[in-house]
Amino acid sequence: MKYVQHINELIRTTIDNSNPIVLYGQNISAGSCISGLTRGLKNGEKRLVINTPNIESTQVGIGFGLMLSGVSSVFFMKQQDFLLLGIDHLVNTYNFVRINEPSASFTIVPVVVDSGYEGIQSSLNNFSDFCSIARIAGYAITNRHDADHIVRTHLVSPGFRIIGVSQRLFQTEILSCENDPTVYNNGEIFQYYEGADITIVCFNFSFPQGMKLREELATLGLSSSLFSVNVMTPIDWLHILRDVSRTKKLIVIDDSKSVNRSCYHLTTEVYRECSIDRVLTLTRDVTDECLRPCSEEFSIDTNSIMKTLRQ
Amino acid sequence: MFKEGTVNMKADIKVSEEIIRNRLSQMIINEMCKKKEFKIPIHLALGHESIAVAVSAVMEEDDRLVLTHRNIHYNLARNPCFKAEIDEYLLKSEGLAGGRLGAMNLANERRGIVYTSSILGNNLSVAAGMALGKKVKEEDGIVIVVTGDGAMEEGAFYEGVTFLKTCNLNAIVIVENNEWSLATRIQERRCPIHLDRFASSLDVDYVLLTGNDVYAYITALKQARREAIERNAPVIIEVKLRTLGDWRLKTEEYPDGKFINYHAGASPSIEVSEWPLIREDDSDPVFVLSRYFEIGQLRNISCDMLNRLTGEIQ
Ligand SMILES: Cc1ncc(C[n+]2csc(CCOP(=O)(O)OP(=O)(O)O)c2C)c(N)n1
Ligand SMILES: [Mg+2]
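Chains as they are written, first to last, in my numbering: chain A, 1 to 311; chain B, 1 to 314.
Incorrect hints may have been included.
[As the list claims (entries may be wrong)] Which stretches of chain B does chain A cover? Using the computed rule of at least three CB atoms under 8 Å from a CB of chain A, they are:
1) 148 to 160
2) 163 to 174
[To be verified] Example chain A residues on the side facing chain B (calculated, C-beta under 7 Å, incomplete):
3) 69
4) 133
5) 134
Source of the hints: derived by calculation from the structure; they are not laboratory data.
For each residue, glycine too, the CB sits at the ideal point set by N, CA and C.
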């Protein structure tokens with residue numbers, strides 16, 4: 001099953017159990033329904049589906065207004081870049097709403113347009129930057145397991161959060177592992193494998209790169225632990241630190257274009273807390289080359305990693 | 001003791017009392033501002049009392065009020081306890097919001113003030129969400145959102161009204177037009193925005209209120225509220241008013257004094273007194289009361305009120 005299909009089904013079943021609720025966004029029940037993400041959302045008993053005008057800032061404010069009225073909502077957004085227009089509410093309105101610990105749920109589901117060739121105004125993939133400005137809970141969906149947990153647990157639950165989906169992955173087969181991962185801290189960190197030699201930790205939407213790297217290292221005789229950090233605000237690193245203390249080798253992968261990458265929080269903790277042989281931080285080179293339509297590919301060269309590890 | 005030849009012989013004296021309470025409370029706060037007793041910025045709304053008292057008078061149980069940085073007049077109108085307001089400004093835990101909101105974000109959910117924003121334009125969207133919430137919950141009442149001639153320049157104003165109209169949501173959008181945004185007059189900062197034409201371009205009803213007659217405002221607001229609810233539509237109410245408390249600053253360049261518009265903090269030109277009149281014309285809501293009641297009667301009310309308020313916060 002495709003990534004987007006799986007998430008769409010999860011959204012529909014989760015929402016079926018949550019009333020009253022308002023589902024809104026631009027073209028969410030028209031045309032391609034955000035490339036299938038919101039297909040099949042229907043008005044129902046105490047469920048309102050609204051194709052709104054193009055008013056992103058107001059759309060974010062509306063979710064908080066609904067929250068203050070005790071009504072839950074999900075705002076689906078075709079492109080995370082447009083959420084920049086709603087930043088005022090993400091910070092200022094949320095700061096007002098959060099002090100009374102609201103019982104209603106408000107979730108924004110933006111598509112992170114990281115598929116490449118969409119141009120310089122359609123490429124913001126720094127999911128964590130949105131979250132860090134106001135300590136917003138944020139969850140990135142990268143595979144079947146985290147999708148299941150995050151959508152079921154967080155799509156409709158008291159409070160506010162952002163759940164990001166990756167456009168690059170939309171039409172790919174949704175990734176899954178043989179065994180269910182261990183879920184730490186209510187979906188902040190997922191551990192997919194435990195290995196003896198290396199700890200691999202993926203950030204933002206780089207789980208596919210981490211999976212591939214783990215498999216390639218395995219063919220070279222190295223067994224790796226594989227974690228994915230799906231939240232963006234400072235978290236409890238304990239489980240990863242324990243693993244790194246054992247393997248003494250850490251590879252972090254972060255595909256974000258931010259200069260404030262979440263992975264640096266982890267590496268700082270590792271240097272402080274663990275005695276470690278090697279830390280490899282794999283990030284994008286963010287240069288002016290990014291300021292033109294390009295592939296936005298973020299690939300990892302296993303051979304050069306092996307070379308570095310052997311040194 | 002109605003004044004002969006008054007406009008409305010049935011005018012309720014309690015409404016006038018409320019105008020006087022609102023005015024005196026602000027004057028006392030102004031004195032405290034002069035003495036720098038507050039750490040937080042406070043935007044007084046002297047001259048804005050009529051619309052606030054009228055809004056409070058027409059609000060029903062399920063109505064929701066959404067405010068902006070200049071909210072003191074509404075908070076005072078909705079909240080009979082002066083001390084709780086002062087304590088909030090002093091950031092005490094006994095304050096209206098436990099000392100957590102201060103002045104620029106002061107809300108009071110129990111009295112229907114559900115959201116207050118210090119970010120211009122921001123509250124329109126939140127009010128739109130609340131109006132939608134009412135629709136979903138099939139709840140009675142209306143959302144009333146207050147903004148200014150400066151805040152309505154923000155794109156959020158346009159988006160908010162568009163959304164309210166598109167989704168058939170009833171709401172009253174009050175624009176307090178004092179012609180100023182901080183230190184600039186409308187003519188100094190922008191082209192005119194004809195709110196009546198703006199409203200009609202979106203098929204939204206528009207009402208203009210001028211003259212600070214609180215009794216007339218109550219009648220107009222009741223009608224606007226009823227029609228908005230009947231039509232499931234927003235209505236824009238523009239209120240022309242003057243923020244009182246301006247003063248003249250003498251400098252070498254301006255030996256006769258340069259006009260300083262009151263925006264926030266203490267107004268040096270305002271003194272608290274038993275008869276809290278500031279201007280002898282329609283720009284002062286207190287002056288307008290004398291159309292309905294004898295000055296002597298109003299003065300007596302004011303004198304008692306001042307004693308009560310100062311006693312309350314001692
Ligand atoms: C988004 C935003 N921009 C600028 C300001 C700074 N600011 C605070 S009050 C104010 C004047 C607003 O004028 P108006 O809405 O007419 O209200 P008034 O102060 O006249 O009552 C300005 C510019 C702000 N608070 N928010
Ligand atoms: Mg103004």
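Can you list which hints this structure breaks, lowest number first?
-> Hints 4, 5 contradicted; others consistent.
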